[in-house]
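Start from chain H and add chains W and X according to the hints.
Heads up: the sequence lines are chains H, W and X, in that order. Heads up: the first sequence begins at 1 in my numbering, then just goes up one per residue. Heads up: the second sequence begins at 1001 in my numbering, then just goes up one per residue. Heads up: the third sequence begins at 2001 in my numbering, then just goes up one per residue.
Hints are computed from structural coordinates only; laboratory data are not their basis. Using N, Cα and C, we set each Cβ at its ideal position, and we do this for glycine too. One should not assume that every hint holds.
[Claimed, not checked] Which residues of chain X face chain W? A partial, calculated answer using Cβ under 10 Å:
1) G2067
2) S2155
3) Y2219
4) G2269
5) S2355
6) L2357
7) A2392
8) G2394
9) Q2503
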Amino acid sequence: MSAARKGFDAATLLTGVRRSDTLAISRAITAIENETSAGCELALAVADSRGGCRTIGVTGPPGAGKSSLINALMAELLPRFGRIGVLTVDPSSPVSGGAVLGDRVRMAAYSGNPNVFIRSLASRGHLGGVTRTTRSVIDLLAAGGMDLVIVETVGTGQSEVEVAGLTDLKLVVCAPGLGDEMQAIKAGVLEIADLLVVNKADLPDAERTMMHLKAMLGYRGHDERRAALKVSSMRGEGLTELAEAIAARLAQSVVTSTPERRMHPRLRLAEDVAALAAALVREGANPELDALAEAAATGALPRHDAVMAALRALAEREITVAPLR
Amino acid sequence: MQDPAARSRVLLTKSFIDSHDRAIATIALALRDAAMEVVLIDYEQPEDVVSVALQEDVDVIGVSFMSGGQVETTEKIVAELARQGVPDLPIVVGGIIRPFDVPPLEAVGVREIFRGGAPMADVVATFERLSREYRGLSQGAEA
Amino acid sequence: MVTQAAGICGRVGDGIVGQEARVKAESAEAVETPYALWQRTVAARYADRSFTARNRSGVELDPVYAGLDRHGQPSEMPGQYPYTRGVYPIHYQYQPWMDLQIIGYGVPSQTRERMDLLLQEGGAKGYFDREAYNFIFDMPTSMGYDPDHPGVRGSIGDCGISVCKASDYEVLLAGKNLEKTTVSMVLNAGSPGMLALYLAAAKRRGFALDKLGGNVTNYIWDFFGHSGGTNFSPRGSYRLIADIAAYCAEYVPLWNTLTISEHNICEAGANNVQAVAYSIAAIIAVNEECVKCGIEPDSVVPRFGFHVRYGENFFEEIAKTRALRRVYAKINRERFGCKKSGSLQARIHAQTAGSLLTAQQPLNNLVRNAYGALAAVLSGVNGMTINAYDEALGLPTEEAVTLSLRTSQIIAEETGAVHVSDPMGGSFYIESLTDEIERRVFEIIDDIDARGGLIACIESGWIKQQVSAAAYQWRQEIESGARTMVGVNKYTNDEPEQFAVFQPDPEAARMAIEDVERHRRERDNARCTAALEALHAAAVDVNEGRAIGSVMAALVAAADADATLGEMQTVLHAVFGRNK
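One chain only, chain H, in its complex shape (with noise of 0.2 Å):
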């Protein structure tokens, strides 16, 4: 039972990660991760505690350097935004479930900087370039103190549209020279462009990219908020306009709806529900649902009974936890 570790129940938590303590912050996005029922209730704690929190999500194929620019990036961005969290998703190993994450690895250079917050996430078979928690992950960060949470996606060069639902700001970077990745990009990344990055402007081919990009983004018709923007990481070139960009975008934007805020109440608290009584199943020496895991599984209860059941000593249970405030 992992939530029980020394100082990991969600009350416990909640109170570190309102004091902005980092290894409160750490500890509560395992938990929120492992969908473990202290999780499920911080989730629900920090659910609308954006407050002025602003997201960007960057998303872009292997090799357009998301890392590198988020890296360079940060130099500009840390004197706009105060506190800076950043998320960096990796795939699982469909086989093992196990992942290395390496992207932080070219953010070596925050590591040790108290307003910078870096945590790397493993996709767990979820697919849409983050993990299946990412939005109550930004959530609890948000509730941490940071200003800005950046998610950098897996980056596969397919669709990864998900971001688009849980970020105010998406920026698409790619790379000149990349060949068949910009099919994968024109394929849907695009779409849900607002800053399309040209990284590496040093490169021959970066005009003519970037001539490439603008005409896909006439092609959709004019959007004040979209534009594209050549910058060069390795040479520090176009950083500044494009942190001056972002964070223009970001003072516009209202964040007063973003895709999940407008589910149907009912579906929406279906989900709290089944992933908070989903975690209160699977934890905890509790010999009742024990007993009913078993007979279900050996069939000599049906499974609905079994289900029912369930949901009664759930809904018997004591409760344990302090509300959470």
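Just chains W and X, lined up with the frame of chain H:
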């Protein structure tokens, strides 16, 4: 009951000036194949290892040495773990560990030392065990 | 452009076209057979000298044997394009390989003591009575950091020498005639600055740059596993390689400016075919960069060389060497239009496989090294580094270094392996394996071209994935027992063996730091600062494609103005970027 969604998270690291990364890359893949989530970084300062370990909420830190710094770096990491309030976070070291490195490494509480050629299965088993213990230890402390 | 090049390269790999080219070359020389051409060349070059030997039974041995190849054609001879059988018509019979034992630990004065010992033991022998030293540097130096950089404590003087200023070479090479000394420098991102320190030191002692011979490995090309995050950005690295090559072609013409290390790629975990293919891909990327910068490949390529690993697959090691020479010649001639023979001849420095050295039963490593070294000799390499058997335990002891030298001496002077060039040539097995490796190498090169070239493959992480996957597979074969490592997964014993292990001097760090601090206090800081500013300006120019060669010139000037390696590196990193 073990939460099925929980995954061991471990940090593997080497110095930014150490160019030999075959061992660490291979171990990372082996741990991945043992269903762990492996955060991989190069550190510039030993203290950075602890900052990253805290942000990533890892259960074990593995440090690889191929060209020096074995004792001094490890001592600094251990001191920083204590300073940051996580003295129990286990450390293992691997790579070229010379006989004269061993006593001081053991003295600072390194949990396991793996030299080149150590069976990968042993390395994986050690990370699994230490990861479980670290979680269990915290749990026990509460109970 | 890329597509076209890929097309050409596809045809190069085709054996039939290769043969046609050879037949044409032959007809131009009035149907002289390769053997007749070889005889004529040897007679012209070596006058009346005889290179035949007699074995103990009195049988006379020719320096090379020939016959019909697998396709029924007269076989290619050593010293003939595409140099499958070696780059010289007569090789060890005339000039044995150069033994370069890796040397270096602590501060320069400590390494100098070891150099003197090596010389006394009959080592340190270069070609034509030169002294030769193969310096290895500690990790901070290798990566371009000074000993007082806060992140490097604990690694100073450990596993190599700590060098950060021109005056360190005055200690290391005091009293040596640098025109008669070959200095080989093995290092990574610190390479450009390190070469500058040596050139500045030599200049101060009054030696003309165009008389200096040696090499800097310049491993900044290596993004396969040994470069680490301290390297320059991939594009910055390849631009700097072009700059150094252009400068040296003009001012230090005997200097070898680049070592493509097939060895390092193998040691990072790649298999032999991958390692040869990636080595050639690196050469292609360097040459393309040179062309882009307006440098004629023929003016710089003759000073590029290879560093090849000799490990566990005895026959494959030999075949891969032959394939490497052949592919290199074909690529440089047919893809880059090189004409000079020096541009087509792959010079190879061999090293035995460090990753095969085991901490368990370490004396077994002596045997592994001997077989690796023998494979290298049978491949016809130009230089040799035999690892110390105790390197898996730490820095080598003096005894182990001597035994490595003895291994080479036994092969050279007792086994008779030197009497006949390419002794494996004509073997059905070796020839077939050579052709197959060549075929697969061209396949990988085509694949890399299709992916946008090597630099794009480095940036996308593809290369790294390929190498790591191969390393992991090898490890799994050891674990499963599918691959035997004696003393590790078979024939093991539990007895702990106590061996003497060299313990680096813990005082070296203190000495090195005090020395660089004193150096900074005592130098002319205004002059140094101005030189570093000039370096920055040159770096900006070169990065933008102007005045190629001016970075190296500015580095030498900065080193002469007492700038340290780390200070120069900081300037270069600011302009050429960092790998991570």
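Hint check:
{"no.": "1", "hint": "G2067", "verdict": "violated, 42 Å"}
{"no.": "2", "hint": "S2155", "verdict": "holds, 4 Å"}
{"no.": "3", "hint": "Y2219", "verdict": "holds, 8 Å"}
{"no.": "4", "hint": "G2269", "verdict": "holds, 5 Å"}
{"no.": "5", "hint": "S2355", "verdict": "holds, 7 Å"}
{"no.": "6", "hint": "L2357", "verdict": "holds, 8 Å"}
{"no.": "7", "hint": "A2392", "verdict": "holds, 6 Å"}
{"no.": "8", "hint": "G2394", "verdict": "holds, 4 Å"}
{"no.": "9", "hint": "Q2503", "verdict": "holds, 6 Å"}
Consistency with the previously given hints fails for number 1 only.
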